[in-house]
Amino acid sequence: MKRAVRVGAGEGLVITANRLLDGAIVWLSADHTWQTAIQRAEVLVSDAVSERLEGVQSRAQADGVVGIYEIAVRPEVGGPVPLTMRERIRAFGPTVHPQFAYEQQEGAGA
Amino acid sequence: MTTAIGQYQYDQVDRDFLAARIEEFSEQVARRLDGALTEDEFKPLRLMNGLYLQLHAYMLRVAVPYGTLNAAQVRAFADVARRYDRGYGHFTTRQNIQFNWIRLEDTPDILRLLADVDMHALQTSGNCIRNVTSDEFAGAAADELVDPRVHAEILRQWSTLHPEFTFLPRKFKIAISGSPNDRVAARFHDIGVIARPGDDGRVVFQIFVGGGLGRTPIVGQELYDSVPEERLLATLEAIIRVYNAHGRRDNIYKARIKILVQALGVAAYRNEVEAELAQMDIARYRLSPEMVASIEARFAAPDLQAPEGAAAVLAEQRAQNMVFDRWVRSNTHAHRSEGHIIAVVSLKPPGEIPGDVTADQLDRLAGLSERFAYGELRTTHLQNVVFGHVRQDQLYDLWRGLVDVGLGAPNVGLIGDIVACPGLDYCALANARSIPIAQKLGARFADMTLQEQIGALQINISGCINACGHHHAGHIGLLGVDKRGEEFFQMTLGGRADDQATVGKILGPALPEDDTVDAIARIVDRYLQERSGQESFLETLKRVGEAPFKEAAYDTV
Numbered sequence: 001m002k003r004a005v006r007v008g009a010g011e012g013l014v015i016t017a018n019r020l021l022d023g024a025i026v027w028l029s030a031d032h033t034w035q036t037a038i039q040r041a042e043v044l045v046s047d048a049v050s051e052r053l054e055g056v057q058s059r060a061q062a063d064g065v066v067g068i069y070e071i072a073v074r075p076e077v078g079g080p081v082p083l084t085m086r087e088r089i090r091a092f093g094p095t096v097h098p099q100f101a102y103e104q105q106e107g108a109g110a
Numbered sequence: 001m002t003t004a005i006g007q008y009q010y011d012q013v014d015r016d017f018l019a020a021r022i023e024e025f026s027e028q029v030a031r032r033l034d035g036a037l038t039e040d041e042f043k044p045l046r047l048m049n050g051l052y053l054q055l056h057a058y059m060l061r062v063a064v065p066y067g068t069l070n071a072a073q074v075r076a077f078a079d080v081a082r083r084y085d086r087g088y089g090h091f092t093t094r095q096n097i098q099f100n101w102i103r104l105e106d107t108p109d110i111l112r113l114l115a116d117v118d119m120h121a122l123q124t125s126g127n128c129i130r131n132v133t134s135d136e137f138a139g140a141a142a143d144e145l146v147d148p149r150v151h152a153e154i155l156r157q158w159s160t161l162h163p164e165f166t167f168l169p170r171k172f173k174i175a176i177s178g179s180p181n182d183r184v185a186a187r188f189h190d191i192g193v194i195a196r197p198g199d200d201g202r203v204v205f206q207i208f209v210g211g212g213l214g215r216t217p218i219v220g221q222e223l224y225d226s227v228p229e230e231r232l233l234a235t236l237e238a239i240i241r242v243y244n245a246h247g248r249r250d251n252i253y254k255a256r257i258k259i260l261v262q263a264l265g266v267a268a269y270r271n272e273v274e275a276e277l278a279q280m281d282i283a284r285y286r287l288s289p290e291m292v293a294s295i296e297a298r299f300a301a302p303d304l305q306a307p308e309g310a311a312a313v314l315a316e317q318r319a320q321n322m323v324f325d326r327w328v329r330s331n332t333h334a335h336r337s338e339g340h341i342i343a344v345v346s347l348k349p350p351g352e353i354p355g356d357v358t359a360d361q362l363d364r365l366a367g368l369s370e371r372f373a374y375g376e377l378r379t380t381h382l383q384n385v386v387f388g389h390v391r392q393d394q395l396y397d398l399w400r401g402l403v404d405v406g407l408g409a410p411n412v413g414l415i416g417d418i419v420a421c422p423g424l425d426y427c428a429l430a431n432a433r434s435i436p437i438a439q440k441l442g443a444r445f446a447d448m449t450l451q452e453q454i455g456a457l458q459i460n461i462s463g464c465i466n467a468c469g470h471h472h473a474g475h476i477g478l479l480g481v482d483k484r485g486e487e488f489f490q491m492t493l494g495g496r497a498d499d500q501a502t503v504g505k506i507l508g509p510a511l512p513e514d515d516t517v518d519a520i521a522r523i524v525d526r527y528l529q530e531r532s533g534q535e536s537f538l539e540t541l542k543r544v545g546e547a548p549f550k551e552a553a554y555d556t557v
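These protein sequences, in sequence, are chains A and E.
Position 18, counted from 1, in the first sequence is what the numbering used here calls 18; the numbers after and before it change by one each time, with no gaps.
Position 44, counted from 1, in the second sequence is what the numbering used here calls 44; the numbers after and before it change by one each time, with no gaps.
Keep in mind that the hints were calculated from the coordinates and are not lab data.
Given the structure is predicted, the values throughout are model-derived calculations rather than measurements.
Using N, Cα and C, we set each Cβ at its ideal position, and we do this for glycine too.
There's no promise every hint is true.
[To be verified] Just the calculated beta-carbon pair ranges, DEER-fashion:
hint, chain 1, residue 1, chain 2, residue 2, range
1, E, Q534, A, G67, 51 to 57 Å
2, A, R59, E, L429, 25 to 31 Å
3, A, D47, E, K483, 26 to 32 Å
4, A, F92, E, G351, 17 to 23 Å
[To be verified] Computed list of chain A residues with no C-beta within reach of chain E, every gap over 10 Å:
hint, residue
5, A9
6, A24
7, S29
8, Q35
9, Q39
10, V43
11, S46
12, S58
13, V66
14, E76
15, V77
16, P94
[To be verified] A short list of chain E residues far from chain A (calculated; beta carbon distances all over 10 Å):
hint, residue
17, D16
18, E23
19, R86
20, L161
21, P197
22, N271
23, D404
24, G408
25, G413
26, R433
27, M448
28, Q453
29, Q500
Use the sequences and the hints to build the structure in full.
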């Protein structure tokens with residue numbers, strides 16, 4: 001069984017996945033659509049995550065996403081920032097090709 | 001299609017097979033997209049076709065059989081990079097190429113494009129026999145005893161879609177060389193094969209088994225000293241059958257053949273293989289001279305004609321141009337044929353990403369191969385590219401062409417020739433980024449005079465314990481580890497992958513990413529202080545032990 005993601009004081013959780021068609025990273029927004037910019041992700045408290053995950057898992061094929069899971073973030077003025085390096089790279093792009101960094105506030109849905 | 005040098009020529013059967021496989025995969029993709037296949041059902045199917053889902057996108061890993069390519073294939077890579085990726089390809093540590101920004105729906109078209117030049121992505125993933133690797137100097141090196149490519153091709157045909165070995169306990173890697181100077185890391189493979197002429201002139205094979213890197217690094221042990229050519233396939237079949245029957249399927253971390261060989265002991269493993277051979281229909285697996293000759297006939301050989309005085313032309317050009325002369329010292333290898341030379345193209349310009357090539361560079365490499373190397377290129381497991389047969393009087397022009405496209409770094413085998421996996425920037429398995437630290441090290445030691453002064457020093461970097469960057473085999477190895485979401489690097493010293501294969505020894509606690517480059521710089525400084533005469537780093541390490549280097553690495557005052 002998957003271990004729950006731990007969050008500290010002032011931290012929250014966001015739900016992420018990859019888009020089926022192209023593998024692009026997407027984030028679950030408050031209106032339950034998948035967005036390519038983490039700024040549009042809804043920051044959830046731990047208690048709300050399980051139910052939300054269940055819902056999006058059941059719609060994964062219709063929504064065209066795979067590999068859904070939650071990550072811990074620190075809410076900041078510009079939007080949520082993942083706590084781990086791995087998820088920061090997923091959120092903002094590979095660190096070694098600046099030209100591949102993800103445009104912030106880009107809003108195309110899944 | 002013109003006959004390519006140094007490669008097995010596909011026939012219609014090969015091409016029809018590839019076309020059928022692509023159509024099958026195309027249908028599978030369509031069924032995945034319309035929901036007929038779930039992700040769990042589709043994942044093993046896409047992996048069988050070399051398609052991974054990585055951090056940012058799908059990644060397609062294309063097989064380069066025993067590292068040999070022709071110009072048309074390299075242009076096809078450029079085409080894929082331009083049309084379907086972001087203008088790049090990445091040469092891997094298994095002589096393959098991978099593309100990091102692929103769309104699922106484009107994959108069938110990419111596979112068709114590759115099939116047009118006799119390429120595919122089969123068996124670049126999954127628990128099967130992966131792409132067989134070989135010596136990048138095959139058929140060219142002065143120190144070679146047997147050209148391994150014919151037998152590499154035989155192994156490729158034997159292992160491709162082998163019905164018994166499609167679902168092994170774990171992935172299985174084979175390397176083959178025909179030189180006593182091991183350039184294929186034979187002792188770090190599940191099976192390593194070294195070919196040499198036997199007493200009767202027929203080829204015999206020394207076979208190592210149970211080597212590997214990853215979570216449990218182990219140097220392979222000699223299973224046989226001289227297997228006759230006609231028994232090669234039977235012997236390999238028996239070795240893998242024993243593994244298939246007894247390998248641990250209950251624990252992914254103990255599923256490789258190395259664990260089984262360690263558990264049984266090599267003598268007992270040999271007994272098991274002998275027992276298997278005794279009940280096999282050996283005649284069915286007999287590799288006859290006629291079969292070998294028929295495969296050999298599908299390889300075109302270069303007409304190695306160099307003008308008299310080619311060596312003198314090269315000597316004169318070296319004398320006139322110090323930069324070129326330095327490149328020749330580090331980036332060439334002696335050829336078996338008078339007037340020729342082997343050229344190694346470093347894909348490690350200082351500060352750049354090891355193994356990355358742009359579409360434009362791929363096109364230029366293809367063009368240079370046609371002008372100077374019979375239209376043939378090879379990839380290396382050290383993430384470089386080789387022109388196998390270059391006329392000595394044309395080497396200068398080849399070098400000028402490489403410099404023009406940013407690939408003239410004179411650092412092969414030196415500290416700037418860093419091997420690194422894609423790491424956390426791309427790989428879903430990684431714990432730490434390999435590429436940035438490789439770039440920082442490359443920039444730190446960018447001074448080519450300093451690199452030459454330091455001499456032979458191989459740095460290998462892996463972003464996780466799976467060790468795709470072969471860190472255990474590096475003279476200096478770095479393993480990225482995650483400590484509470486931050487990157488640290490554990491350092492090993494003394495690894496090597498040649499005929500004296502050794503697993504590097506852990507130096508001490510992992511260092512924060514920020515301190516790692518400085519720690520390596522201090523180790524290198526200490527080596528330059530400690531070394532006697534022209535000792536290499538490994539020789540000095542052997543003589544003085546690790547203590548001075550440990551002191552240097554952790555000296556932060």
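Hint by hint, which ones does this structure get wrong, listed from lowest number up? Numbers 6, 13, 16, 19, 26, in rising order.
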